[in-house]
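Below are the chains, spelled out letter by letter.
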Amino acid sequence: MEKLLLTLIFVPLAAGFVLLFTPAKWKLLHKGCGLVISVFTFLAAVKLFTAGKIVFDQPILDIWQVKLNLLFETNHLNTFILLFAMGFGLLISIYSLKDASAPRQSNFFYGALLLAVGGSAGILLTGHLIFLLIFWEIVTVSLYLLVITGGTECRFAATKSFAMLGASDGALLLGIGMIWVLSSGTFQFTGLGLPTDSALSIVAFLLLMLAAVTKAGAMPLHTWLPTSGECTKASIMAILPAALDKLLGIYLLVIIVKEIFLLQSGPLSFILSVVGAATILFAVLVAMVQHNLKKLLSYQAIAQVGYMVLGIATLTPIGIAGAVFHMLNHATYKCCLFLCGGAVEHVSGTAELDQLGGLGKKMPWTFMAFLVATMSMSGIPLFGGFVSKWMVYQGLVQMESQADPAAGFWPLWLLVAMFGSALTLAASVKILHSIFLSRKPDHLRNVREVSAAMLIPMMILAFLCVFFGVFYRIPLKYFIYPALNIERETAIMGSWNSWLAVIYLLGGVLIALLIVLLSRSLLKQRSVPTWTCGEVQPNDKMIVPGTHFYKTISSLSPFKQLYHLQEKEHFDLYNHGGKIGLLFSGFLKWLHSGLLPVYLVWTAFGLIVILTVLCNIW
Amino acid sequence: MEVIRHLFWLLVFPGFLFTVILGLYACWIVRKVTALIHHRIGPPALQPLYDVLKLLGKETLIPEAANKAVFIWAPVVGFASVLLLAILLWAVDFIPARDNGMFLGDVIVAIYLMVIPSLALILGSSASGSPHAAIGTAREMKLVMSYELVLVMAFIVVLIKTATFHGISDSQNDAQLLSLSSIAQYTPALSISGLLAFLAALLCVQAKLGFTPFDIPEAETEIAGGVLIEYSGALLALWKLAQAVMLVAFPLFLVILFMGGIGTGFGSVLLGLGKYVLVLVLLILIKNTNPRMRIDQTVKFFWFYCGPVMAVAIVLAMLGNYYDKWWL
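Protein chains in written order, with our numbering: chain A, 1 to 618; chain B, 1 to 328.
In isolation and in its complexed conformation, chain B is listed as follows:
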C-alpha cells in the first residue's frame, strides 16, 4: 500500500501530472495576461503544451566542445529536483499534520532545494562550452548570490513572526518553528515586517524564475539566450517543463511562508488557489512593467537597497516579538 501511495504521489497527485499540468496552465496565464497588457489576443490555453510537444519532436543538437554527460544530465536533474520541491510543498498543504513520515523536509530544506534547479542550469550551461553560455553562467550565479541574501533575511522575518505567534518561550516548541506546516498556519504578510519581507521575497522569486527585470542570464537580445543557448530538442523541452513546475512551486512557497498556506477544506483550497493566483499576477505585473536590469545593478539593488530594508524588517519583527505586538 505504502508503495502505491508513494507512486501515486510521485506520478499523479501532487507530483508529475498535477504539477506539470498546473504549471503549463500557469505558463499560459503568464502569456495571456502579458498579451492583455500588450493589447494582443494571446495564445490558446494549450499553447505551452504544444511548445513542449513540438520541442520533443525536434532533433537534439549537442555542441562538439560540450561535456556531453553533464550537458544531458543537467536538465534531467534540474527537472527532478524541482519536482521534488513541488511534492514537498504540496505535502505541507495536503497531508494531515500527524502523518509526519510523509514530510520530506522543513523550511530550510525547502530553501536549499530551491537552489538546485539554478545550480543544474549553471552546470549545464557551463558544460556546453559556449562563450555566450559562460557569460550566462556567471550571471546566473551572481543572480543567485544577490537574491539569496534577501531571501534568507525574509525567511528570518518569517521565523521571528512564527515564534511570536506561537508565543514560544520553552525549547519544546522549537520543533514547531521550522516545520512548514506550522509556518503555514499564520499569515505574517498581515504585519508590517511580514509585508516588507513578502515583497522582498516576491522579487527573489521573480529572479529565481528568470522573469524580467531579472532575465539577465538568458538576455536574448544581448547573449542570445545565454545559459540556454546550446539547448535544443528534448533537453530544451525538459528545461521548459522544469520552468513550468517552478512556476507552481515558487509562488506556492511564498503562499505557505507568508499567506497562511492552502489548507485542506474546499473553501480553504479555493482561497489558497486565490492566493496563488494573486502571487502569480503580481509576478506577471512586475514582469511586464519593467525593463531588464544589468547584473551589477541587480547585485546593488538586492544587497544595498533590499538588504537594509529587510534589516529594518528584522528589527521590527524582533521588536514585535519582544513587546508581543503581532502587527509590527
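Isolated chain A (complex conformation):
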C-alpha cells in the first residue's frame, strides 16, 4: 500500500517532467500518457480512500537540528480531497482529448497537467511542512507552464500569476520557518496545536493564511485569477484555478486552523472573517459588470472562496464543515462552468458575452450542464451549492452565542454572505441570458453541439451538483464529517428535508403539466414571430445583450467610483507591488553609478557599521 502511495505521487510527477521535453508533435503520446496516468491516479486515490491509515516515514537528512523525513500519511481529510482532486484531473484529460482548440504545445499542456496532479497529491498526502512547500511550488510552476501555453499574449498573465503565487509561497516559507522555531524544531504538522498567544505565532499564522487564501484566490492577492482567466484556455482554468487550487488552498487553511494552530485569538478569526466577507462582496460586484465570460467566471470563483474563508472563520464545527463542503461543491460547479465555457468558446470562437446569444437551442446539453452549475453556484435549493452555503450561514448564526470580537459582528457577515448570493445569481443570469437564451446573432447560425468526450465530463459534474444537493447527507456522512471528526447529525441545526422537497416539487410539476395538458391549449400551439409592435427589425437589431443589464447599478453614485477605481486597477496589489519594486530597483540603480569613489565611500561606510556592531557585541 505504501508503494501505491508513492507511485501515486511520483509517477505523474516523473511522467509530467519527461513529457515537458518531448517534441510538441507527439500529440497522441501526450494524450495517451495523460489519460492513462490520470486514470491510474484516480483508481489509486479510490484505493487509498477505502484503505485505512497508511504512514510512510523515510528519514533523509539529519543534520544538527534539522530533521528531514519523507513523511506521507493518510487520514480521512486528505484522502477525500485527494479522491476529488484526482477525479478532476481525470475529467480534464478526457475533456482535452477532443478539444481541438487545445494549445499547440501539447507537451507543455499534458506535462504541466501531470505535474499539477502529482504535486497536488504530494501536498495532500505529506505530513511534513518542507515537502508540502516543495509540492506547493511544483503546482505553482505547473500553473505558470499551463498559462504560458496560451501563446505570447498570455506571457503577462503567466508572469503575474507566478509572481503573486510566488510571493505567497515566500510567505509560506517564512511561516514554516517560524513554525519550526515555535515548535522547537519539528516540521511535522499533524496534531501540532501551537497556541496563538505570542506575536511570532500570530505572524506565522497570518503568513500561512496568506499563502492559503492566495492559492485559493481570495483577496487581497486575488488578481492573478481574472488576469489569467481572460487569456487562458477554459480547460486550464477548469483544472487549476477552479478545482485544484481551491482544494489545496482550503485544505491548507483547514490544516492551519485545525492542526497547526489552536485558534483562540479572536482578532485572528476577525481578520479571517473580514477577508472572507470583503472577498465575497467585492468580487461579486466586480463580476457583475464583466463582459468576458472567463473573466466573469474567474471573479465569481474569487467570490465563492469568501464563503469558504468565512465558514472557517466561524470556528464552529458546522461552519468549517460547510466551508469544506463548499470547497467540494465549488470545485465541482466551477470546473463544470469553465468546461461549458470552453465548449462555447470552442464552437463560437469567442468568450465575449455581447457576441454570443441563443446557443441553448443548438447546444442543449452544454446549456443544461451550465444551468445546473450556475444554479448550484447561486445557492438555489436542491443544488449542492445551496447546502454548503446554508451550512456556512448556520455557522455564522451560531456565532451569536460566542463572545469574541468576530462573533459580535455576525449579522454583518451573515448579511454579506446572503446578499452576496443574490448578487451571484445576478451575474449568473447575465451569463445565461447572454450566451444561451436571448436571440442568436446571425453569425452563430451554424453552431453545433460539441462532441461526447467534451460533454461527458460536464455531465458528470452537473450530475454531482444535483446529487450533492438532493442527497447532501451522503457526501456529508462519507466525506466531510469523518474528515473533520464531527459526530454525525450533531452539527446541522437547521432543517432541510431535500428529498421530501423533491417529491413535493415533482408533484407540483405534475399538477402544472396536467393543467396544461388537460386544457389542450398546448395542442393549439402556434409559432409566431416575436411581437415588436408592428415594427420589422433585422434579427441582430433585436438582441438586447446581457452586458448592459447592470448599467443601472454601475452608474449609481458610490458604485460608479468603485468601478472606476477597479477599472484603473487601483485594487490590484500586483501593480502597487510592481511600483514599489521599481522604486527599489531605481534606488539600487542610482547606487550603481559606476563611479569608483562612490563605491569606496559605501564600502568604508559598511566597514564602519560592521566594526561598530562587532565592537558592541564584544
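In case anyone wonders, no lab produced these hints; they're calculated from the structure.
Wrong hints could be hidden among the right ones.
Pairs of lysine-lysine residues, derived as DSBU-like cross-links and limited to a Cα-Cα distance of at most 30 Å, are as follows [stated by the list, open to error]:
| id | chain 1 | residue 1 | chain 2 | residue 2 |
| --- | --- | --- | --- | --- |
| 1 | A | Lys579 | A | Lys568 |
| 2 | A | Lys541 | B | Lys68 |
| 3 | B | Lys54 | B | Lys68 |
| 4 | B | Lys68 | B | Lys58 |
| 5 | A | Lys362 | B | Lys68 |
| 6 | B | Lys68 | A | Lys524 |
| 7 | B | Lys68 | A | Lys551 |
| 8 | A | Lys551 | B | Lys287 |
| 9 | A | Lys568 | B | Lys300 |
| 10 | A | Lys551 | B | Lys300 |
| 11 | A | Lys524 | B | Lys58 |
| 12 | A | Lys361 | B | Lys68 |
| 13 | A | Lys560 | B | Lys68 |
| 14 | B | Lys58 | A | Lys361 |
| 15 | A | Lys524 | B | Lys54 |
Quick partial rundown of chain A residues pointing at chain B, CB under 7 Å, derived from the structure [what the hints assert, rightly or not]:
| id | residue |
| --- | --- |
| 16 | Leu28 |
| 17 | Leu29 |
| 18 | Trp390 |
| 19 | Val397 |
| 20 | Met418 |
| 21 | Phe419 |
| 22 | Asn497 |
| 23 | Val502 |
| 24 | Ala512 |
| 25 | Ser519 |
| 26 | Gln525 |
| 27 | Phe549 |
The structure presented is a predicted model; accordingly, all values stated were derived computationally and were not measured.
Quick reminder that beta carbons are idealized off the backbone N, C-alpha and C, glycines included.
Please build the complex by placing chain B on the supplied structure of chain A, with the hints as guidance.
Just chain B now, kept in the frame of chain A:
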C-alpha cells in the same frame, strides 16, 4: 398511510386545492378593494377563476426565436416551486412541533425558495427572445437584487429578536433559532426594531409580488408586459396561478416571521387569518396609492434608504438583546 398523507398534503390541504382557491380568492380581494378605492363596483368573486379558465381554453403562441423548452418549463417549475413554498409555510402552522419529519426546511430555506419563482420568470422571459422581455428580465433581476438586501436585513432582525425572546446563551438552543415554528411563537413586530423590519419586509413582499410601485419588470405602459409579453394561453394561466399562490405564501411568510404565525386552535386560526388579511390590505393600500417607480429609483430606495434604516433596526435589536429589553 404515509404516502396517502403526503398526497393529501400535496393535492388538497394545504397544497394545491386549498392554496390555489385561497390565492384566487385573495386575487379577488385585491381587485375588489382596488375597485372600492376607485369608486367602482369591481368584479364578482369568481372572476380570477374565470380568467384562468378562459386562458386555458386559448391557443398557446410560441415565438419562433424562443428556446421552446425553457419557455414552456419556466412557468411549470415556477408554479411548482411556489406551491412547495406554500406547503412549507402551512406546515409550520398546522403540524405539531414534535412531528419533525414533516418539516421541509427552516427559515433560510424558505427565503431561498422565495427566489425560485422570480428566477423561473427571468429564465422564461429571457428564453422568449423578445427585446421587451429582455429589458423586463434585466429589471426583474435588478429588482431581486435591490430588495434581497433589505429582506435579509429584516430576517437578521427577526433572528436577533428570536434569540432575545429565547434568552439563548448556550449552543443547545441554537437549533431553535432557525426553525420557523419557533420563530412563529413570537411577535417581533411589537418591538421598535421588529416593526421597522416588518415594514421593510412588507415593501420587499410588495416587490416580490410585482405590485405597484414595483411592477417595473411588467410595466404594461412602457414595455408592454415585459417579462410576460410573449406568454399566452395555458402557460400564461400557469403564471397567473403561480401569482395567486404567491399571494398566499408571501404574506403568510410575513405573518410567521413578524406576527406570531397562525397556530392550530380555532380562535388562533381566526386571529391568524385576520393577520393575513391585515398584511394583504396593507399591500393593496400601498399598491393603490403609489405610482410606478423607475428601476434606478427602486435600487436607490432599497439600498440607500431602506438599507440604513434596517441597519439602525439591527443595532437596536442587538442593543435590546444585550440589555434584555424586548421592546427595543
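Cross-check of the supplied hints:
no., hint, in the structure
1, Lys579(A) / Lys568(A), "holds (14 Å)"
2, Lys541(A) / Lys68(B), "holds (21 Å)"
3, Lys54(B) / Lys68(B), "holds (23 Å)"
4, Lys68(B) / Lys58(B), "holds (18 Å)"
5, Lys362(A) / Lys68(B), "holds (12 Å)"
6, Lys68(B) / Lys524(A), "holds (15 Å)"
7, Lys68(B) / Lys551(A), "holds (29 Å)"
8, Lys551(A) / Lys287(B), "holds (27 Å)"
9, Lys568(A) / Lys300(B), "holds (25 Å)"
10, Lys551(A) / Lys300(B), "holds (14 Å)"
11, Lys524(A) / Lys58(B), "holds (8 Å)"
12, Lys361(A) / Lys68(B), "holds (8 Å)"
13, Lys560(A) / Lys68(B), "violated (38 Å)"
14, Lys58(B) / Lys361(A), "holds (26 Å)"
15, Lys524(A) / Lys54(B), "holds (14 Å)"
16, Leu28, "violated (39 Å)"
17, Leu29, "violated (42 Å)"
18, Trp390, "holds (6 Å)"
19, Val397, "holds (6 Å)"
20, Met418, "holds (4 Å)"
21, Phe419, "holds (5 Å)"
22, Asn497, "holds (5 Å)"
23, Val502, "violated (9 Å)"
24, Ala512, "holds (4 Å)"
25, Ser519, "holds (4 Å)"
26, Gln525, "holds (4 Å)"
27, Phe549, "holds (4 Å)"
The structure does not agree with the numbered hints 13, 16, 17, 23 stated previously, though it agrees with the rest.
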